[in-house]
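A.B. asks: Assemble the complex: chain Y is given as a structure, and chain U must be docked to it using the hints.
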Amino acid sequence: MQRIEEKLKILADAAKYDVSCSSSGSTRKNKGGIGDASASGICHTYTEDGRCVSLLKILLTNHCIYDCAFCVSRKSNDVKRAAFTVEEVVDLTMNFYRRNYIEGLFLSSGIFKNADFTMERMLRIVKKLRQEERYNGYIHLKTIPGASEEMVKEAGLYVDRMSINLELPTEAGLKLVAPEKDHDSVRKPLAFVNEQMKSFKEEKKLIKHTPIFVPAGQSTQMVIGATPENDFEIMQVANDFYKNYNLKRVYYSGYIPINNGNSLLPQIGSAPPLVRENRLYQTDWLLRFYGFQLDEILNPQHIHLDLDIDPKLSWALRNPHFFPVDVNAADFNAIIRIPGIGRQSALKIIQARKFGRLHAYQLQKIGIAYNRAKYFLRCADSPFMLGHPSMEYVRIAILNAGNQKSRQQVSAGQLTLF
Amino acid sequence: MYYLFDGTYLGFLSCVFESFERKEAIIVPITPEDHQIDFFKDRRIIVTDKGKALRVQKGLQERVGKVEAMDFYRAFLSEDRKAWLASFFILRQIFIGRADIRQHYGNDHVLYFSQILKKVSRERHRMKAFIRFSKSSDGLFFALVEPDFNVLPLISDFFRKRYADMPWLIYDIKRKYGLLFDKRQVGEVQLSSEEVQGATTPAIAIALDERDQLFQRLWKQYYTSTNIEARKNMKLHLQHVPRRYWKYLVEKK
Numbered sequence: 014m015q016r017i018e019e020k021l022k023i024l025a026d027a028a029k030y031d032v033s034c035s036s037s038g039s040t041r042k043n044k045g046g047i048g049d050a051s052a053s054g055i056c057h058t059y060t061e062d063g064r065c066v067s068l069l070k071i072l073l074t075n076h077c078i079y080d081c082a083f084c085v086s087r088k089s090n091d092v093k094r095a096a097f098t099v100e101e102v103v104d105l106t107m108n109f110y111r112r113n114y115i116e117g118l119f120l121s122s123g124i125f126k127n128a129d130f131t132m133e134r135m136l137r138i139v140k141k142l143r144q145e146e147r148y149n150g151y152i153h154l155k156t157i158p159g160a161s162e163e164m165v166k167e168a169g170l171y172v173d174r175m176s177i178n179l180e181l182p183t184e185a186g187l188k189l190v191a192p193e194k195d196h197d198s199v200r201k202p203l204a205f206v207n208e209q210m211k212s213f214k215e216e217k218k219l220i221k222h223t224p225i226f227v228p229a230g231q232s233t234q235m236v237i238g239a240t241p242e243n244d245f246e247i248m249q250v251a252n253d254f255y256k257n258y259n260l261k262r263v264y265y266s267g268y269i270p271i272n273n274g275n276s277l278l279p280q281i282g283s284a285p286p287l288v289r290e291n292r293l294y295q296t297d298w299l300l301r302f303y304g305f306q307l308d309e310i311l312n313p314q315h316i317h318l319d320l321d322i323d324p325k326l327s328w329a330l331r332n333p334h335f336f337p338v339d340v341n342a343a344d345f346n347a348i349i350r351i352p353g354i355g356r357q358s359a360l361k362i363i364q365a366r367k368f369g370r371l372h373a374y375q376l377q378k379i380g381i382a383y384n385r386a387k388y389f390l391r392c393a394d395s396p397f398m399l400g401h402p403s404m405e406y407v408r409i410a411i412l413n414a415g416n417q418k419s420r421q422q423v424s425a426g427q428l429t430l431f
Numbered sequence: 062m063y064y065l066f067d068g069t070y071l072g073f074l075s076c077v078f079e080s081f082e083r084k085e086a087i088i089v090p091i092t093p094e095d096h097q098i099d100f101f102k103d104r105r106i107i108v109t110d111k112g113k114a115l116r117v118q119k120g121l122q123e124r125v126g127k128v129e130a131m132d133f134y135r136a137f138l139s140e141d142r143k144a145w146l147a148s149f150f151i152l153r154q155i156f157i158g159r160a161d162i163r164q165h166y167g168n169d170h171v172l173y174f175s176q177i178l179k180k181v182s183r184e185r186h187r188m189k190a191f192i193r194f195s196k197s198s199d200g201l202f203f204a205l206v207e208p209d210f211n212v213l214p215l216i217s218d219f220f221r222k223r224y225a226d227m228p229w230l231i232y233d234i235k236r237k238y239g240l241l242f243d244k245r246q247v248g249e250v251q252l253s254s255e256e257v258q259g260a261t262t263p264a265i266a267i268a269l270d271e272r273d274q275l276f277q278r279l280w281k282q283y284y285t286s287t288n289i290e291a292r293k294n295m296k297l298h299l300q301h302v303p304r305r306y307w308k309y310l311v312e313k314k
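From first to last, the protein sequence lines stand for chains Y and U. Start counting the first sequence at 14; every next residue gets the next number (this note's numbering). Start counting the second sequence at 62; every next residue gets the next number (this note's numbering).
Just so you know, these hints were derived from the structure itself, not from any lab. No false leads were mixed into what you were given.
A few chain U residues that face chain Y, going by a derived Cβ cut-off under 10 Å, partial list only:
no.	residue
1	Asp161
2	His165
3	Val171
4	Ser175
5	Ser195
6	Phe202
7	Arg223
8	Gln277
9	Gln282
10	Ser286
11	Glu290
12	Lys296
13	His301
Simulated crosslink set (BS3-like; lysine-lysine; CA at most 25 Å straight-line):
no.	chain 1	residue 1	chain 2	residue 2
14	U	Lys222	Y	Lys140
15	Y	Lys367	U	Lys127
16	Y	Lys140	Y	Lys42
Cβ coordinates follow ideal geometry from the N, Cα and C atoms, glycine included.
In isolation and in its complexed conformation, chain U is listed as follows:
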């Protein structure tokens, strides 16, 4: 049985609620955008219900604690259908009394879940590392990214605490939304396509701070100087800095 939901985490949790209420154990959570729906299988449209979702969230926290409950949100942000399915399997197990199911690494779903968590966590860490701010003439530090997973919600706290005395914007081009910090709080923003265009070619639209080019140059200089030619190891280099991140890295551009 397919459960069609709106692609939000609350919608996902609503699916869990419905599957228990309707006593439908074997279900596949998908969104309407997912193509290739199997016509021989039933499907049910799940309406996101905040009340139901929060009940699931609360029950989950009671059973496994807040920290572990958060893992399901992280895995959800992978936007990976197989991970959603694995989450669903684990959630059901937890609610039928197997709170320790997460340790059952011999099980394919459990193992996949732990692997996807690791991937999301790695991407989150990479964004903390690879985000490069440019300073605009009005003092805003802005950065464009295209993370593999939807990790912006997971790095928001980190950047808010660290760069607390300057306004900044981190924009996810792939998912078309960004985080904007105004020195008090972080908000979600959507830019029009022209604005994004402007940000990718900063010389045209967003006026850069006069010293921004200088520091970009200095950073490139530093990056070159700190390399030891005799130890060159491109395989290792690429393993750490995969090519898909290069276009947003000042030193690799």
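So that you can see chain Y by itself, here it is in the shape it has in the complex:
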């Protein structure tokens, strides 16, 4: 009994650097057993670091034949090792699930012996859950790089989401800290699963009983701040992966130093780049939901995201010719580009203005961040203005008004004369 608690401690601890915890996107129904998937996903609790806990996220084992410098489970690291049996994982999952602690299982693993051997063991757990326990809850399975296509394809028939981590944004960065790995071993399985998903979907159009295959799609993860890639490089890679492999999500994980073994990596005590991580996610959202193109936000002239202000505001300040936008006349795509107005508010504005021109007090009540947005929009009672305030002024005014996540002192450099 003592032993299972210790295993859980070690193997949950080792799995926690995998950011993905999403349980959304699947439509699996309960077919005469227990469990189903909730399309929107459910976060059952949150840890003290504010991250959501929706899945039982564990490694099958933290024994690993690889020696990647950024990874806590690497071969040369002196940590306690443990391995779950198939039965233990199934028992834990079912009992947590029945008590409504979790949405499902997130299973990853260190690689022992070889890729196929590891993958086969993971597959056994997944099949036991689905076939013997008649469990229809969510399962997120990590694809083991180098596992055979047959194995990956079979797993896809049982799980809801598959993922495989890019680890570092560029091949060069990866070679630096994990010489045994390369990006190709990530791209290949991603492409393979993507192809399979497409063909299963095609088949389903013709034959209704076609089984579902990875219904919640694929995702990947990059470690940020371990190697010196800039934001432009990172987002280029992400953009490329979204386009080519139809990914549901790319996760950005600020590097947390785990020891001082490798002098190329940030050392223990250096804070994880949380603000930068946040800005990357904001950019990711702008690309996927706000109709922005990558080169509008990041380009060779502008390779770093501004840490003081969010990327949409940053874009707005660089493009004053786009503003002010009249919320009573502009279309949806223009309104969501106003800093401080999100998709939900924009939708409300579009609907509400049919009943009469909107005034500032109404916009405030609808819930937009008016103090930020006011510099970029016009509404029914905007005062008449000659010319526009300089964007320099707007930036300082917004930063001084607070509310920005990383409020920092604006550098009081040389004043401009004109």
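C.D. replies: Quick look at chain U alone, frame taken from chain Y:
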């Protein structure tokens, strides 16, 4: 004019019917328990009439569709008098021919209605997330909750579909009723105060399954292990898991 009704949804819909029949447009729906009744205002006692209520419900569905008609029930479950008033205003608008009134976010009532809907929906979602079952020795999975709004009717389907192969009980301590599922259907149950007492201190009355303590311990262990200390952010943590829910969460107890 105050309309006093019995606090049920059918009663509420009866109020809508009466307000049209009596041509009384400006009314405030309240229940007899609401104190501080204004003595300078008239009041009328509305008797719940199922037939009238269903006519309102049917008319509403014809005008805005079933999905949107359901929103009024959800808002009603907030038990918030201001939301009832907003609902009343919107319902009247719909029945006098403004079926699209719900989009008029510039209007205070409409905006408030959409905000309360969001709150109810958030609470409903939280209950799906924060309910923690304990397993008793006779195999019943039971959970106690105190939701901000009366959301049990809204989560019943979710739990019935998901936990279809086990009996469960979800009990709302604040409103003194619960949902009991017997592997076939969900029914409403009321417990005596001793039974509730027994459930809150499980060691005394309800005998727990022998492995229940183990899994509670394992869950706490997992919760601690999956936290990244270097990223600690209590403000965010509290935003997601407000303190009032802690006493029913195994991992926060």
